[in-house]
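As given, the protein sequences belong to chains A and B, one line each in that order. Quick note: the first sequence uses this note's numbering, first residue 1, plus one each step. Quick note: the second sequence uses this note's numbering, first residue 1, plus one each step.
I should point out that these hints are in silico values taken from the structure, not numbers from a laboratory. Accuracy of the hints is not assured; some may be wrong.
Take a look, some chain A residues computed to stay more than 10 angstroms from chain B by CB distance [stated by the list, open to error]: (1) L73; (2) P88; (3) F105; (4) P123; (5) T129; (6) L132; (7) L179; (8) N194; (9) V211; (10) Y266.
Capping the alpha-carbon separation at 20 angstroms, the derived lysine-lysine pairs in PhoX-like fashion look like this [as the list claims (entries may be wrong)]: (11) B:K14 to A:K289; (12) A:K108 to B:K283; (13) B:K213 to A:K109; (14) A:K109 to B:K67; (15) B:K283 to B:K295; (16) A:K14 to B:K206; (17) A:K109 to B:K93; (18) B:K295 to B:K213; (19) A:K12 to B:K206; (20) A:K136 to A:K108; (21) B:K93 to B:K67; (22) B:K283 to B:K213; (23) A:K108 to B:K67.
Cβ coordinates follow ideal geometry from the N, Cα and C atoms, glycine included.
The residues making up each chain are set out below.
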Amino acid sequence: MGLRSLWRDPAKFKNILQLPLMIVMNFTAMIPFALTWYVGMTNWAPQITIDWWKADFIGPLNYIRVIPDDLFLNAIGRTLLFSAVCVPVEFLLGFLLAYVFMGDFFGKKFFVLIAIVPMMVVPAAGGYTFYLMFIKLGPINGLLNLLGFGSIPFLMVAKWAYVAIILADIWQWTPFIFLIMSAALLGLPQDPINAAYVLGASRWHTFRTVVLPMLRRPTMIALILRAVESFKLFDYPFMMTGGGPGYSTQTISMNLYEAGFRYLRYGPTAAQSIVILLTMAIVGYYAVKPLRAAQRGE
Amino acid sequence: MEQRLENIINLIIKYIFGLGVIFFALFPIYWMFTMALKPEIEWIPTRVHWWPWNPTLLNFMVLFIPKETILDWGLVEASHAAILTLPHETATKSIINSLILSTGGTLIALFIGTCAAYSLSRYKAGSDYLFLTFRMLPPIAILMPIVIWFSTIHLLDSLPGMLLLYGLFPMPFVVWLMRSFFDDIPPEVDEAALIDGATPPQVFTKVALPLVKGGLAVTALFIFILNWSDLIVALTITHRHAITIPVQIGLFEADVGHLYGLMSALGIVAIIPTLGFGLAIQKYLVRGLTFGAIKG
Chain A
1 MGLRSLWRDP AKFKNILQLP LMIVMNFTAM IPFALTWYVG MTNWAPQITI DWWKADFIGP
61 LNYIRVIPDD LFLNAIGRTL LFSAVCVPVE FLLGFLLAYV FMGDFFGKKF FVLIAIVPMM
121 VVPAAGGYTF YLMFIKLGPI NGLLNLLGFG SIPFLMVAKW AYVAIILADI WQWTPFIFLI
181 MSAALLGLPQ DPINAAYVLG ASRWHTFRTV VLPMLRRPTM IALILRAVES FKLFDYPFMM
241 TGGGPGYSTQ TISMNLYEAG FRYLRYGPTA AQSIVILLTM AIVGYYAVKP LRAAQRGE
Chain B
1 MEQRLENIIN LIIKYIFGLG VIFFALFPIY WMFTMALKPE IEWIPTRVHW WPWNPTLLNF
61 MVLFIPKETI LDWGLVEASH AAILTLPHET ATKSIINSLI LSTGGTLIAL FIGTCAAYSL
121 SRYKAGSDYL FLTFRMLPPI AILMPIVIWF STIHLLDSLP GMLLLYGLFP MPFVVWLMRS
181 FFDDIPPEVD EAALIDGATP PQVFTKVALP LVKGGLAVTA LFIFILNWSD LIVALTITHR
241 HAITIPVQIG LFEADVGHLY GLMSALGIVA IIPTLGFGLA IQKYLVRGLT FGAIKG
């Protein structure tokens, strides 16, 4: 009876299907998370003791210390600034490109194919290539010299290092917006647009009052996904500047990486990780709502 | 007549944008290629070399062939070759690791994720929110706990540990993508099979799975690209034994500084599969990247 009903009964079968996922999630996400709660309340560093359970318990001290940690807070601010510049620029560029490429014309398939190539480039390789392009004797300074502007010390000065990383990010992720918005434009119902034209609306007016409102959902999804992804920014600054000069391009991911894995301050880093995880979990919870609604076809 | 003129202007604008796209999208890749083909002297010349003046395949050979062999063959002179001061082994290990880990991780994620996706799609079970929110978290903050856990159970810098993580991290994509493919099957198909006397597991394996074969293939390639591109997981978990290509790219440093040519050559090796697979599933990229929310 028992085993047979396990397979026969849909209610039980559904749980069996979920079982492997639950095991993996618990083993590689939940246990470590619980462990980190504890480690975050110790002063564990491998220099002191190699086993975390022997480290001194210091209570919520690490969590309190998060507040006045300038490096940590500045890294968060910097990351948000990266997002605030990259995401709107990528969106405008990607959307513009999608709009220009709308409709059918000779060579469109080829252009679209080329346009999405940057997205397919492994970020570590891409970041490294951009490093090579921005160095003093790289092609970008070569071009600037040809045009008579003189060299710019891109990766040596904080301001320019910022610009270089932003350009690299725009290069890689504009295609993402382009793809989503192209799909959205393609799926637009033509009737309301034609109706607006028939009623004598101008191109711009039609775009603003008819097309744009219909693009709200995909726009939201594209912006949210991009914003969340850009908060994770790591590969490009890591390969291009290593966070430098000084700490001027260090993102939050790089800050945690350096504190945890270069300076081996496990206790405080564990506490900071928990803070970031909880914050982003709350942000993520609201961020995924439009995705879910779209999937349900609402 | 006026309409015709407008069409022509429109077309010209499209082609101007197209040319711009070709230039901006491809120039960095062109630069990676030229650097990979340049001999050492041309890596940082006093004046920019826009193309390799003396193209060579040496950089690619050093990736695969031990430096002693290269010296024996007399391909470079030992006296002035920074390549030969390289303290590391060849990049072959990282390439093999990348292949094993990306493929293995994809299979794990696909097996576990597809089961869960089917139960989400058909039985509306579990909290699908959880998986998506997981993807919104910065990986480094998840990795800190995992490193502590893995160091406790001795899984750091090991292939099994990395396989687990490459199965875990893309899981939200698998669950949501496969779910969107399962949702595309009309429920009547399942019901018909059940009425014919099939058990729920039989419906899953014999009816539903064959119907989403294409979706499975697309998801597999998509997840492979994600795993193959990963830097941060490999960087934190591996040190020597289980390093992957993106980590190895950063390791090409000798006494004289970065070995630009080698890094670029390995970069080319790294982007070949992602470009190939990515363009192969071009039609489904939107669906993949938006977790199935926009069908594309």
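Here is what the structure says about each hint:
Listed as outside the interface, L73 (chain A) is consistent with that label: its C-beta sits roughly 15 angstroms from the nearest C-beta of chain B, beyond the 10 angstroms cut-off. Look at P88 (chain A): its CB is around 18 angstroms from the nearest CB on chain B, clear of 10 angstroms, so calling it non-interface holds up. Consistency note on F105 (chain A): stated as away from chain B, yet its beta-carbon is not over 10 angstroms from all of that chain's, at 6 angstroms minimum. Distance check on P123 (chain A): its Cβ comes as close as 6 angstroms (rounded) to a Cβ of chain B, failing to clear the 10 angstroms threshold; non-interface status is violated.
The beta carbon of T129 (chain A) sits about 5 angstroms from the closest Cβ of chain B, which is not more than 10 angstroms, so the claim that it is off the interface is violated. With a least CB separation of 6 angstroms from chain B, L132 (chain A) falls inside the 10 angstroms interface cut-off, contrary to its annotation. Distance check for L179 (chain A) against chain B: the nearest CB is about 5 angstroms away, which does not clear 10 angstroms, and the non-interface claim fails. No Cβ of chain B approaches the Cβ of N194 (chain A) within 10 angstroms, the least distance being about 15 angstroms, so the stated non-interface status holds.
The beta carbon of V211 (chain A) is kept farther than 10 angstroms from every beta carbon of chain B, the shortest such distance being approximately 16 angstroms. Once the 10 angstroms rule is applied to beta carbons, Y266 (chain A) is inconsistent with being away from chain B; the minimum gap is 7 angstroms. Proximity of K14 (chain B) to K289 (chain A) is assessed by CA-CA distance (about 36 angstroms); at most 20 angstroms being required, the pair is judged violated. With a C-alpha separation of about 14 angstroms, the suggested pairing of K108 (chain A) with K283 (chain B) holds against the 20 angstroms cut-off.
With a CA separation close to 26 angstroms, the supplied pair K213 (chain B) and K109 (chain A) exceeds the 20 angstroms bound. Restraint check for K109 (chain A) and K67 (chain B): not satisfied, since their Cα atoms lie roughly 44 angstroms apart, outside the 20 angstroms limit. Between K283 (chain B) and K295 (chain B) the alpha-carbon distance is near 10 angstroms, which keeps this suggested pair within the 20 angstroms criterion. Distance check on the hinted pair: K14 (chain A) and K206 (chain B) sit about 16 angstroms apart at the alpha-carbon level, within 20 angstroms; holds.
Only pairs whose Cα atoms come within 20 angstroms are accepted, and K109 (chain A) paired with K93 (chain B) is rejected, the gap being roughly 38 angstroms. For the hint pairing K295 (chain B) with K213 (chain B), the CA-to-CA distance comes to about 17 angstroms; that is within 20 angstroms, so the pair holds. Note on K12 (chain A) and K206 (chain B): the hinted pairing holds, with a Cα-Cα distance of about 19 angstroms set against a maximum of 20 angstroms. Restraint check for K136 (chain A) and K108 (chain A): not satisfied, since their Cα atoms lie roughly 37 angstroms apart, outside the 20 angstroms limit.
Straight-line distance between C-alpha atoms of K93 (chain B) and K67 (chain B) comes to about 15 angstroms, which keeps the hinted pair within the 20 angstroms bound. About 16 angstroms separates the Cα atoms of K283 (chain B) and K213 (chain B), which keeps this hinted pair within 20 angstroms; it holds. Taking the CA atoms of K108 (chain A) and K67 (chain B), the gap is about 46 angstroms. The hint is violated against a cut of 20 angstroms.
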